[in-house]
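Please take these sequences and the hints and turn them into a complete structure.
Keeping their order, the protein sequence lines are chains G and W. Heads up: the first sequence at position 56 corresponds to 56 in our numbering, and the numbers run straight through without jumps. Heads up: the second sequence at position 126 corresponds to 126 in our numbering, and the numbers run straight through without jumps.
Treat the hints loosely; a few may be bogus.
Pairs of lysine-lysine residues, derived as DSSO-like cross-links and limited to a Cα-Cα distance of at most 30 angstroms, are as follows [claimed, not checked]:
| no. | chain 1 | residue 1 | chain 2 | residue 2 |
| --- | --- | --- | --- | --- |
| 1 | G | K249 | G | K86 |
| 2 | G | K6 | W | K100 |
| 3 | W | K236 | W | K204 |
| 4 | G | K90 | W | K14 |
Footprint (simulated), chain W over chain G, 3 or more residues, beta carbon under 8 angstroms [to be verified]:
| no. | stretch |
| --- | --- |
| 5 | 107-115 |
| 6 | 129-140 |
| 7 | 234-240 |
Everything labelled a hint here was simulated from the structure, so no lab data went into it. Each residue gets a CB set at the ideal place from its N, CA and C atoms; glycine is no exception.
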Amino acid sequence: MVKIGKAGKNIFLVLLAALFFLPVFMTVGMSFLDNNMPTFQNYADLLFDCFVFYPVFWNSVLYAAVITIIGLLVIIPAAFGFSHAKFKGKGALFIFYIILMMMPLQVTILPNYIGLRDLGLINTRLGIILPACFSPFGVVVMSRYMQSINNSVIEAMRMETNSVIKIIFHAVIPQIRICIFAVVLFVFADCWNMLEQPLLFLRDINLQTLPVFLSNTEKYAGSVLFPAAVLFMFPVLLLYNFFSDSLEKGLTFGDLS
Amino acid sequence: MKPTKKSRIPWNIKCLFCLVPSLVGITIFFVIPYFRVLYYSLIDNQFRRNFVWLDNYVKTIQNEYFQLAFKNSLLLILIAVPALILSSLSISLMLSFGLKKLRVLRTAFVLPLVIPTASAALIWATFFANVDNVLPVYLLFIWKNIGICIILMTAAFTCIDDSVFEAAKLDGAKRFTIHRKITIPLIMPTLIFSILISIVSSFKVFKETYLYYGGTNYPPQYSYTLQYYMNNNFLKLDYQSLAASAVFTSLLVFVIVIIGLLLQRRYTW
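Structure (structure tokens):
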């Protein structure tokens with residue numbers, strides 16, 4: 001009796017996992033179908049006839065890559081500062097970062113827009129890149145992670161050097177590698193997904209991103225959308241393939257108290 | 001040890017400097033503009049700039065579309081969030097305490113987290129083409145957000161000492177009792193945090209519906225959420241009511257996050 005229950009539970013779990021995977025599987029399947037007949041024509045249509053696809057794909061790659069790299073240059077020192085600097089109000093500042101991280105885009109997008117307008121960056125690539133580099137998510141996650149690292153290595157290095165940069169490179173980064181990978185995957189996937197900012201900050205079609213392209217279902221023929229959706233998933237799936245372990249071990253910020 | 005030149009800048013100041021880039025960016029793009037938004041929400045329009053104090057807020061709250069949006073956002077929190085938490089809790093319990101071989105299945109649940117919403121929304125729109133209710137949007141929300149909850153909960157489970165379970169088993173406790181009395185109380189801070197970020201993500205559901213309904217600014221009534229209200233005011237350049245609803249939503253999120261963090265502290269062992 002108990003055994004049947006257990007087996008039943010396992011089968012249920014397998015079926016549930018299959019159900020969760022189904023949308024990915026179906027997207028790939030649909031991209032090879034035309035009127036229920038298997039074909040490569042959809043991909044040919046997209047890659048040879050749909051010229052707007054290349055610039056928007058390239059834009060998406062550019063934005064996500066640049067934001068991830070600059071983002072890391074901001075996040076890693078900030079997280080180091082949070083865990084090593086001593087100052088009054090550090091706790092309150094950290095809570096401010098957490099609250100900002102939780103704010104929906106529709107709250108932050110108007111401040112972002114106003115900030116960009118004052119700097120004259122509306123309808124430019126920088127307007128998409130700059131605000132995203134200062135997203136507080138990575139700082140919160142990495143600061144939490146840094147609390148669990150071995151500080152004696154840092155103390156030992158301080159005997160030899162006074163350079164914070166050297167210490168971060170040689171004593172901190174090797175210890176937080178997993179967390180960095182997790183943040184890279186998360187930040188990249190988030191920017192790759194960006195829809196509202198390009199939609200509201202950019203007028204020029206040549207600067208647009210893939211999600212905006214995919215949202216124009218009426219403008220483009222249906223046959224190119226599924227192949228585009230598959231190619232759109234591909235880079236994140238590739239990253240996930242490399243970093244999936246880190247994603248599960250590096251995002252241990254569940255207990256913020 | 002080789003002698004080093006003694007730096008004139010104290011260590012603590014250097015560590016403080018590390019925070020500067022992040023703080024400057026956040027000040028320029030979030031903090032200062034936020035106060036401008038607050039200011040916009042209190043004046044009558046951008047040109048006359050007369051202070052009308054709470055008029056914009058009263059107008060916003062009385063607006064029927066705002067009320068519709070607020071009701072729909074609330075329903076999402078009351079229905080989709082509990083469903084998300086219960087399913088992620090039971091799935092992560094099954095993954096962590098079930099057959100070891102089945103742990104590979106975790107990928108299927110975590111993967112949606114990184115799948116671009118635009119790709120998912122496309123297949124959703126095809127699959128649910130004939131469904132005329134809000135269920136597909138709730139399912140998309142759960143599908144997309146279950147991964148982060150499972151990651152957080154699984155991480156919390158691995159922190160529990162195995163001896164706790166051994167002792168309970170020796171006392172003859174049933175598996176369900178063990179989870180109810182030991183596992184769940186022990187991961188309470190993480191559970192509260194998962195509920196918190198799920199509520200917050202439910203405020204963020206816009207991309208999903210926007211793409212699911214094929215990029216229209218006017219979805220069916222049942223899917224018109226606060227985010228649509230704000231997005232459409234943005235497009236109409238109605239900064240006063242946009243500012244008022246942005247400030248209103250930010251206060252709401254602020255209160256929810258503070259309550260969540262306090263609860264989390266209260267339940268920490």
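Exercise for the section: Check whether three or more residues of the stretch 234-240 of chain G sit with their beta carbon closer than 8 angstroms to a beta carbon of chain W. Expected result: holds (count 4)
Handout entry: Hinted pair K6(G) and K100(W), Cα distance within 30 angstroms
Key = Judged against 30 angstroms, a Cα distance of about 13 angstroms means the pair holds.
Problem - Straight-line alpha-carbon gap K90(G) to K14(W), limit 30 angstroms - result: It holds: about 15 angstroms lies between the C-alpha atoms, which stays within 30 angstroms.
Practice task
Closer than 8 angstroms, Cβ to Cβ, for at least three residues: run that test on the stretch 107-115 of chain G against chain W and report holds or violated.
Solution key: holds (count 9)
Practice task
Sort out whether K86(G) lies within 30 angstroms of K249(G), counting only the CA atoms.
Solution key: Given pair K249(G), K86(G) holds - Cα atoms ~28 angstroms apart, limit 30 angstroms.
Problem - Satisfaction of hint between K204(W) and K236(W), Cα-Cα up to 30 angstroms - result: 21 angstroms, holds
Practice task
Given that the stretch 129-140 of chain G was listed as covered by chain W, double-check it with a C-beta distance under 8 angstroms for 3 or more residues.
Solution key: With 6 residues closer than 8 angstroms to chain W, the stretch 129-140 of chain G meets the three-residue bar; holds.
Going down the numbered hints, you'll see the structure goes against none, and every one checks out.
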